[in-house]
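As you go down the protein sequences, you meet chains A and B in turn.
Those letters in the first sequence? Residues 631 to 1139, by our numbering.
Those letters in the second sequence? Residues 18 to 299, by our numbering.
Read the hints as simulated data drawn from the structure, not as lab findings.
Careful, some of the hints might be misleading.
To be verified - Computed, partial: chain B to chain A, Cβ under 10 Å:
#1 T110
#2 V154
#3 L245
#4 S246
#5 W282
#6 W294
A virtual CB, placed ideally from N, CA and C, is assigned to each residue, including glycine.
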Amino acid sequence: MTTATRGEPPPIPPPLPTPAPQGVLTPINTGSEALWAYDAAPERIRPEISPEYGLFIGGEFVPSASGALMPTINPATDETICQIARAEQADVDRAVQAARDALPAWSALPGKERGKYLYRIARRIQERARELAVLETIDGGKPIRESRDIDIPLAAAHFFYHAGWCDKLRYAFAGREPAPVGVCGQIIPWNFPLLMAAWKLAPALACGNTAVLKPAETTPLTALRLGEICREIGLPAGVVNIVTGAGETGAAIVDHPGVDKIAFTGSTEVGKRIAKSVAGTNKKLTLELGGKSPNIIFEDASIDQAIEGIIQGIYFNQGHVCCAGSRLFVQESVLDDVIARLERRLGSLRVGDPLDKNTDVGAINSKAQLETIERYLQAGKDEGAKLHEVNNSALPEAGSWCRPCFFTGVQPSQTVAREEIFGPVLAVMSFRTPDEAITRANNSPYGLAAGVWTDKGSKIFEIARRLQAGVVWLNTYNKFDPASPFGGFKQSGFGREGGMHGLRAYVRL
Amino acid sequence: MGERLSVTKTYKLLIGGTFPRSESGRVTPVGDGDAPEAYVCHASRKDLRDAVEAARKAQPAWAGSTAYLRGQILYRLGEMMEGKRAELAAALTGTDADAEVARSIDRVVHYAGWCDKYPQVLGCANPVSGPYHNFTVPEAVGVVGVICPDEPSLLGLVSLVAPVIAGGSSCVVLASESSPIAPCVLAEALATSDLPGGVVNILTGFRDELAPHFSSHSELDAIHAGGLSDDQARILREGSATNLKRVTLREGIDWTDDNACEDPWWIEPFLEMKTIWHPSAT
């Protein structure tokens, strides 16, 4: 397999010149280019974007059968970035067929060889990291600091981690010989577009499966670049197929008889619908769904550290995080102190241009999501909670924005304490005893993540044991690593992603 | 002097460590239609709800007891079954009743030994890139609904229940519909073993009637079932979507195959993996 065999299908631009990753990066301010003796900072890079993108099927970029397109929009400016193909049934049929055709050869490939393809993908993500970071920020609205330091490096790390598993799978399943599941249909959300694509594709490919991936409607650009990378590194055609579209594209994948496994990350409501629609089939299913994760601060915590943890926990990525620490439980004796410090810290967060590396909170991913968040803010006020809006950042005129804020005086029965808001909104509540904190933290249909802050070692591990959550962060929050399994208890879904445990979803034992 | 008239027994349900009749008052004859050898209770939806409540109540203490103790108690169950070998065999209909009883006992002993080992085999420390202590530990999923195949009525039940309770969950069992006597005898062994009341609850009744209620019950966290028809499997999975139960269906299993039925991957579906991070610093 060499890169020389690639086709040249319009409307996709010819493959990027390789290697020379810098070749695709154009400094925005070309006038001062000569002054730069070192690499430009990523926020000053403008990646090439075609006016139109097709679907990545069978190793080639192709237009959708119907020619239907949809725009992808920069939520920080409301400008249309470009047009994306909207895949329909016929396109999904083609993608699934391509994945089926590629399956026998790919799954029969020695693990060591499979691994080398994954290593190549990881390398190319690293080498094109700046371009990917800027695209991620333009397409989704997240601060460049986060896409540069977290999303893209972690996506590369995920492929590196799984590359090494390819020829070691039998050591992951004591006493069993793992076999691939087959064709995986993978549907991912808009909050960490490339990272979620990596979370899905890396373990699927490592275990010898082929995939049809559907990126989210509002954030398809980095996944399409990943398609380019797959082609560039010579990944056999059809092993990875990427179909862009909205809900009906996802439904066509879920209902497709040629798909052996569904992996979905998104809302609990859609997750349940998927679980129901695969009920009569033999499809394997893993779901990574919503959350309303508790973050518990005890009076014996290091309060300053805890404040940073709370801020990271809820305002990271505008709160568009399934494991966001959106319910804060503060021990009564330190409640006033915590609220005062939280207000002070919140006031210093910078909201605005996601491409500015000093920005802490970027744009809300879409108009629709902004409306959802505003509905919740109204519900919180209507139900009697007190809204603290202490952040005064000047907001750009265009785009979707929500300043970080929090509610106090929240009752457990209120909407903002129960439902996932998926925005920079925190609900603060108090408790007296550890037992009360645990009971209230567990009183939720969700069970994705939890945080605990105390300097008392024996207490922190006992509370970690009693919290019903798949990930428990002790004296820290929102840490991710390819070697660390992620996933929820209860209605936050089933199955794990990452680590040795994440492989389980992609093998038959 | 005529022959002695035997006393026909009505086997009752096992709920929360006690033996109630079905709240519905229904009983079903077992065996020859004209001269039933015994009767079993015909459990209702309400009995299922009561059993789930008992299982929920018993579960945290069972999961919270030491792995060593759980292993001891499962082994004790094996001992109690050994003492009832003849009675269990007599309750089975097949020709290889003795072999089925022996294998069932051995399977319980196998899973007894897993209690303090599966966390080591299935859990791990994770080498994350940063100054963090990070590890993944298995925890019990909670309350599991177990729906048993008709045959083998004893070995099927034991194979489905043992991994669930070894993993620290409690369960509500719907026993074989066609051969419920051996499960009822087992219930008597369970009640006199050291297993806390409510960890295993056994219902007898009709699968078509009760399986939909298992699937829709919001307090069941998982399902472990064998011997279902395609329709029953679909109904079970559809209903389970309402609260995202973890559903494991055993299809085409040779229950007598130790290699197929005895390993930690039978416990794993009834575990939740919890990953814990803590900074490591001075």
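Hint by hint, here is what the structure shows:
1. T110: Check failed: Cβ of T110 (chain B) comes no nearer than 32 Å to chain A, outside 10 Å.
2. V154: 8 Å, holds
3. L245: 12 Å, violated
4. S246: For S246 (chain B), the interface hint is violated, since the closest Cβ of chain A sits about 12 Å away, which is over 10 Å.
5. W282: 6 Å, holds
6. W294: Hint on W294 (chain B): holds, closest Cβ of chain A at ~5 Å, below 10 Å.
Hint violations for this structure: numbers 1, 3 and 4, all remaining hints satisfied.
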